[in-house]
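Undergrad: Chains as they are written, first to last, in my numbering: chain A, 1 to 154; chain B, 1 to 723.
For the record, the hints were derived by calculation from the structure and aren't laboratory data.
Check the hints yourself; a few may be wrong.
Now the in silico label distances, taken between C-beta atoms and shown as ranges [unchecked claim]:
| id | chain 1 | residue 1 | chain 2 | residue 2 | range |
| --- | --- | --- | --- | --- | --- |
| 1 | B | Asp356 | A | Asp14 | 33 to 41 angstroms |
| 2 | A | Ile13 | B | Lys710 | 43 to 51 angstroms |
| 3 | A | Asp51 | B | Ser89 | 46 to 54 angstroms |
| 4 | B | His469 | A | Gly30 | 34 to 42 angstroms |
| 5 | B | Asn578 | A | Glu17 | 50 to 58 angstroms |
| 6 | A | Glu17 | B | Ser718 | 45 to 53 angstroms |
| 7 | B | Glu87 | A | Asp51 | 41 to 49 angstroms |
| 8 | B | Gln213 | A | Thr119 | 30 to 38 angstroms |
| 9 | B | Gly682 | A | Asp51 | 41 to 49 angstroms |
| 10 | B | Val155 | A | Gly30 | 19 to 27 angstroms |
C-beta atoms are modelled at their ideal positions from N, C-alpha and C, and glycine is treated no differently.
Here are the chains, one letter per residue:
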Amino acid sequence: MAELLINDKQHNIDVEESMPLLWAIRDVIGYTGTKFGCGIGLCGSCSIHIDGEVTRSCVTPISAANGKSITTIEGLANGDKLHPVQQAWVESDVPQCGYCQSGQIMAAVALLAQNPNPTEQEIKDKMINYCRCGTYLQIFAAVKKAAELQGNVA
Amino acid sequence: MSNITNISLTRRKFLGVSAASAGIFIIGMSLPLGKYANAATNKNDVLNAFIAIKQDGSVIFQNPFIEMGQGTYTSIPAIVAEELDIEMSVISVVHAPHGSDYKIMFNNTTRFTGGSMSVRMSYDTMRKAGATARAMLIQAAANQWHVAASACSTVPGYVVHDKSGKKLSYGELAAIAATLQAPAEVTLKDPAQFRLIGKPVKRTDSYAKATGQAEFGIDVKTEGMLIAAVKQSPVFGGSVKSFDKAAVMNMPGVFAVEEIANGVAVIADYFWHAKTALEKLPIEFNDGSNAEFSSAGYLKTLQEKLDDQGISAEDIGDVDQALANASKTLNAEYHVPFLAHATMEPQNCMALVEQDHCIVWAPNQGADTIAQLAAQITGLSLDAIEVKTPFLGGGFGRRFIPDYAAQAITLANKHQGKAIKVIWTREEDTQHDHYRPMTAAKYRAGFDDNGKITALHITTAGEGPLKRHLPGFLANPDIDNSIIEGAYEQPYAIPNKRMDLVSVPVAPIPIGFWRSVGNSQNSFFKESFMDEMAHATNTDPVDFRRQLLATEPRFKKVLDTVVNMAGWRGKPWLAEDNTQHAMGVALQLSFGTIVAEIAEVSFSDGNIQVHKVWCAVDCGLAVNPAIVKMQMESGIAFGLSAANAEEITIEQGKVMQANFYNYPIISPDKMPDIDVQIINSGEALGGIGEPGTPPIAPAVCNALFTLTGKRIRSLPLSKHSFS
Numbered sequence: 001m002a003e004l005l006i007n008d009k010q011h012n013i014d015v016e017e018s019m020p021l022l023w024a025i026r027d028v029i030g031y032t033g034t035k036f037g038c039g040i041g042l043c044g045s046c047s048i049h050i051d052g053e054v055t056r057s058c059v060t061p062i063s064a065a066n067g068k069s070i071t072t073i074e075g076l077a078n079g080d081k082l083h084p085v086q087q088a089w090v091e092s093d094v095p096q097c098g099y100c101q102s103g104q105i106m107a108a109v110a111l112l113a114q115n116p117n118p119t120e121q122e123i124k125d126k127m128i129n130y131c132r133c134g135t136y137l138q139i140f141a142a143v144k145k146a147a148e149l150q151g152n153v154a
Numbered sequence: 001m002s003n004i005t006n007i008s009l010t011r012r013k014f015l016g017v018s019a020a021s022a023g024i025f026i027i028g029m030s031l032p033l034g035k036y037a038n039a040a041t042n043k044n045d046v047l048n049a050f051i052a053i054k055q056d057g058s059v060i061f062q063n064p065f066i067e068m069g070q071g072t073y074t075s076i077p078a079i080v081a082e083e084l085d086i087e088m089s090v091i092s093v094v095h096a097p098h099g100s101d102y103k104i105m106f107n108n109t110t111r112f113t114g115g116s117m118s119v120r121m122s123y124d125t126m127r128k129a130g131a132t133a134r135a136m137l138i139q140a141a142a143n144q145w146h147v148a149a150s151a152c153s154t155v156p157g158y159v160v161h162d163k164s165g166k167k168l169s170y171g172e173l174a175a176i177a178a179t180l181q182a183p184a185e186v187t188l189k190d191p192a193q194f195r196l197i198g199k200p201v202k203r204t205d206s207y208a209k210a211t212g213q214a215e216f217g218i219d220v221k222t223e224g225m226l227i228a229a230v231k232q233s234p235v236f237g238g239s240v241k242s243f244d245k246a247a248v249m250n251m252p253g254v255f256a257v258e259e260i261a262n263g264v265a266v267i268a269d270y271f272w273h274a275k276t277a278l279e280k281l282p283i284e285f286n287d288g289s290n291a292e293f294s295s296a297g298y299l300k301t302l303q304e305k306l307d308d309q310g311i312s313a314e315d316i317g318d319v320d321q322a323l324a325n326a327s328k329t330l331n332a333e334y335h336v337p338f339l340a341h342a343t344m345e346p347q348n349c350m351a352l353v354e355q356d357h358c359i360v361w362a363p364n365q366g367a368d369t370i371a372q373l374a375a376q377i378t379g380l381s382l383d384a385i386e387v388k389t390p391f392l393g394g395g396f397g398r399r400f401i402p403d404y405a406a407q408a409i410t411l412a413n414k415h416q417g418k419a420i421k422v423i424w425t426r427e428e429d430t431q432h433d434h435y436r437p438m439t440a441a442k443y444r445a446g447f448d449d450n451g452k453i454t455a456l457h458i459t460t461a462g463e464g465p466l467k468r469h470l471p472g473f474l475a476n477p478d479i480d481n482s483i484i485e486g487a488y489e490q491p492y493a494i495p496n497k498r499m500d501l502v503s504v505p506v507a508p509i510p511i512g513f514w515r516s517v518g519n520s521q522n523s524f525f526k527e528s529f530m531d532e533m534a535h536a537t538n539t540d541p542v543d544f545r546r547q548l549l550a551t552e553p554r555f556k557k558v559l560d561t562v563v564n565m566a567g568w569r570g571k572p573w574l575a576e577d578n579t580q581h582a583m584g585v586a587l588q589l590s591f592g593t594i595v596a597e598i599a600e601v602s603f604s605d606g607n608i609q610v611h612k613v614w615c616a617v618d619c620g621l622a623v624n625p626a627i628v629k630m631q632m633e634s635g636i637a638f639g640l641s642a643a644n645a646e647e648i649t650i651e652q653g654k655v656m657q658a659n660f661y662n663y664p665i666i667s668p669d670k671m672p673d674i675d676v677q678i679i680n681s682g683e684a685l686g687g688i689g690e691p692g693t694p695p696i697a698p699a700v701c702n703a704l705f706t707l708t709g710k711r712i713r714s715l716p717l718s719k720h721s722f723s
């Protein structure tokens with residue numbers, strides 16, 4: 001039995017603690033916005049936050065989240081009000097196939113939480129998830145836009 | 001914001017909505033006349049159902065084309081919305097089910113999503129669909145008001161009586177309109193009045209994809225669903241010898257272990273349990289007859305065949321004579337490796353088989369192919385098969401070939417009443433793709449005393465995917481265009497030219513359609529050789545092409561546009577970052593669209609960096625210029641990714657790559673800045689999803705030649721060293 005706090009909600013699940021968080025979140029609990037891409041922590045499609053830190057959930061066991069708070073893409077919006085990063089993504093029409101974009105958005109939210117007004121280079125250094133559609137330029141621009149929407153850019 | 005859902009309604013259900021809640025207006029319309037009509041089969045009698053209007057004025061649009069990133073869930077409904085005169089915000093896009101009602105391609109004989117065909121093959125149909133519905137709504141209002149239809153017009157969502165200013169909403173009129181006969185002829189809008197076509201209409205799927213709500217195949221859920229992991233024979237064509245089911249049946253969550261066509265599936269409650277048990281499952285494979293196959297050996301065979309006669313796909317003038325008479329000749333051999341699609345969403349499919357019904361939730365590029373497969377496996381009739389198409393986490397041609405769906409349907413057929421979802425690991429996905437075929441080519445050119453090109457002889461060796469998968473599309477069964485397209489019938493004015501194909505079957509290796517198909521290699525070969533010819537005759541590569549395009553103003557304009565955008569420089573220069581930079585250019589006609597690209601490249605500390613790409617594109621009319629621009633960026637990223645480091649190698653019949661660590665797709669730090677300029681020439685519509693890909697590899701390699709003096713005649717670049 002494992003206890004997980006996901007998007008401020010407590011979930012008690014009956015699976016072994018060695019199961020990666022990705023599969024616990026997707027299959028056991030049913031939040032499917034977090035994606036499976038490579039299974040070895042390389043592509044970043046499975047990015048979530050554990051206590052605000054961006055984490056690749058496909059290689060992170062349930063046990064690593066004991067007593068911690070998990071946020072997934074489903075937990076970013078406040079009711080109907082999108083997170084500024086999501087708002088920037090929608091306004092800029094960033095997604096193409098969209099499969100990697102939950103992970104991209106989670107990475108961007110974590111980046112802006114630590115560095116509200118990143119330079120272009122800082123954005124490129126932190127936004128390292130793969131996108132097979134090649135939306136990278138749109139991702140970089142949308143992070144900048146999200147920083148503006150958050151009101152952190154002078 | 002637009003609603004978006006992935007639920008495919010069956011025709012029965014789509015029409016059923018109308019019966020259940022009066023007031024929903026389903027527009028049944030004749031298939032379009034003109035070039036899509038098929039007199040032979042009287043298809044004009046069949047009604048299509050694309051558009052439904054609800055009482056609240058919202059519109060459900062059944063899209064015959066899948067959304068895999070290329071923008072069909074925006075561009076196609078926008079064409080309908082333009083003529084129907086509604087706002088994009090009232091449209092919900094759903095995927096159309098399988099069946100003849102939605103076969104609107106190639107004289108209403110087929111329907112798939114690929115070949116960069118969706119917009120250009122449905123533009124007329126979709127305009128007519130919207131215009132027909134609008135005409136019926138106007139007639140319904142005119143009947144209510146006892147006025148002539150000609151006295152009425154529309155504003156988005158409403159019919160207006162021009163004189164009195166009376167208005168009725170489409171929602172109010174839907175039920176009445178549904179009782180009217182569809183007009184045989186409708187007048188289409190004057191393009192000068194377009195407010196959506198040709199405009200950067202916002203995507204309908206961004207909200208769903210930015211909130212995690214977009215449902216991909218891998219996300220599909222149903223009550224009591226089970227999940228399967230599969231292990232297929234590592235050697236292509238191999239089979240299962242034995243496996244010890246008992247060894248894993250007691251592992252957590254395991255429900256069943258089943259043999260499938262070329263491997264074994266473990267079915268469990270959750271994917272992790274299925275995968276963990278599969279890794280513990282003792283399996284032995286028979287390697288079969290292909291355990292000696294290697295990509296290196298195949299390449300050698302291809303190269304040996306390049307002096308064979310071949311079959312001519314194009315033969316203009318007398319190449320042999322012209323080469324014999326040439327005062328100077330130039331020869332070069334090129335080759336490219338097998339490539340994987342590496343969609344971010346690994347292959348997956350869910351199926352449920354019940355006594356008289358089968359539902360398949362399949363990310364696919366052809367719903368009818370999935371339906372036929374399901375009918376074949378289950379023995380049910382096509383009417384009993386429901387295909388639900390979710391969003392695709394990338395397609396690029398991979399999901400034309402439904403091997404993954406066959407597995408899910410087979411397992412579900414064995415365990416009737418249980419929905420079973422098959423999910424491939426990244427490793428299975430990499431090692432059981434249908435690859436862009438390895439290809440080799442030899443280019444020979446002849447020049448006269450003035451250095452003017454007199455002859456071009458191309459020989460290509462390999463096997464294309466079209467004959468294997470869609471032989472009906474071949475005009476000549478001996479010439480598989482899918483391996484030579486983009487090498488011939490190109491615009492350069494060369495008096496004697498010949499394109500020969502030497503077929504070298506690559507069976508047992510699975511090959512398929514990879515974004516831009518034959519153009520992906522042939523643009524690299526041809527445009528590299530154009531550059532070689534330019535340098536061999538001491539001509540600037542842009543001038544060299546311009547001279548051969550003197551009678552092709554449309555191509556010349558695309559080339560000139562990109563040259564102006566980039567401020568073309570034919571020689572290397574010391575850039576602001578204190579390294580040498582150089583430019584390379586390439587031009588390609590593919591899928592009816594002309595694209596020219598210039599790449600600015602540097603090389604320092606062993607690192608090739610593409611800094612900037614300028615791209616000029618003429619696709620006739622950019623139906624959605626924002627999406628055209630994004631598809632150019634995406635196509636360039638895809639082509640650059642392959643040129644940089646993608647390569648599938650095969651040894652002892654097995655693929656040697658497994659995951660992104662040894663099949664590296666382009667990372668964000670390798671992404672160049674890109675400027676795109678669209679030329680609306682007004683010529684026939686061309687495709688957009690693929691044409692951005694072909695020119696980037698030669699543009700980069702041509703820049704590298706200018707920079708380093710080293711000519712790249714094979715890819716990927718990661719295999720070459722520069723000094």
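Undergrad: Determine for every hint whether it applies to the structure shown.
TA: Status of each hint after checking the structure:
no., hint, verdict
1, B:Asp356 with A:Asp14: 33 to 41 angstroms, "holds, 36 angstroms"
2, A:Ile13 with B:Lys710: 43 to 51 angstroms, "violated, 57 angstroms"
3, A:Asp51 with B:Ser89: 46 to 54 angstroms, "violated, 39 angstroms"
4, B:His469 with A:Gly30: 34 to 42 angstroms, "holds, 37 angstroms"
5, B:Asn578 with A:Glu17: 50 to 58 angstroms, "holds, 53 angstroms"
6, A:Glu17 with B:Ser718: 45 to 53 angstroms, "violated, 40 angstroms"
7, B:Glu87 with A:Asp51: 41 to 49 angstroms, "holds, 43 angstroms"
8, B:Gln213 with A:Thr119: 30 to 38 angstroms, "holds, 32 angstroms"
9, B:Gly682 with A:Asp51: 41 to 49 angstroms, "violated, 57 angstroms"
10, B:Val155 with A:Gly30: 19 to 27 angstroms, "violated, 43 angstroms"
In terms of the numbered hints stated before, the structure departs from hints 2, 3, 6, 9 and 10, listed from lowest to highest.
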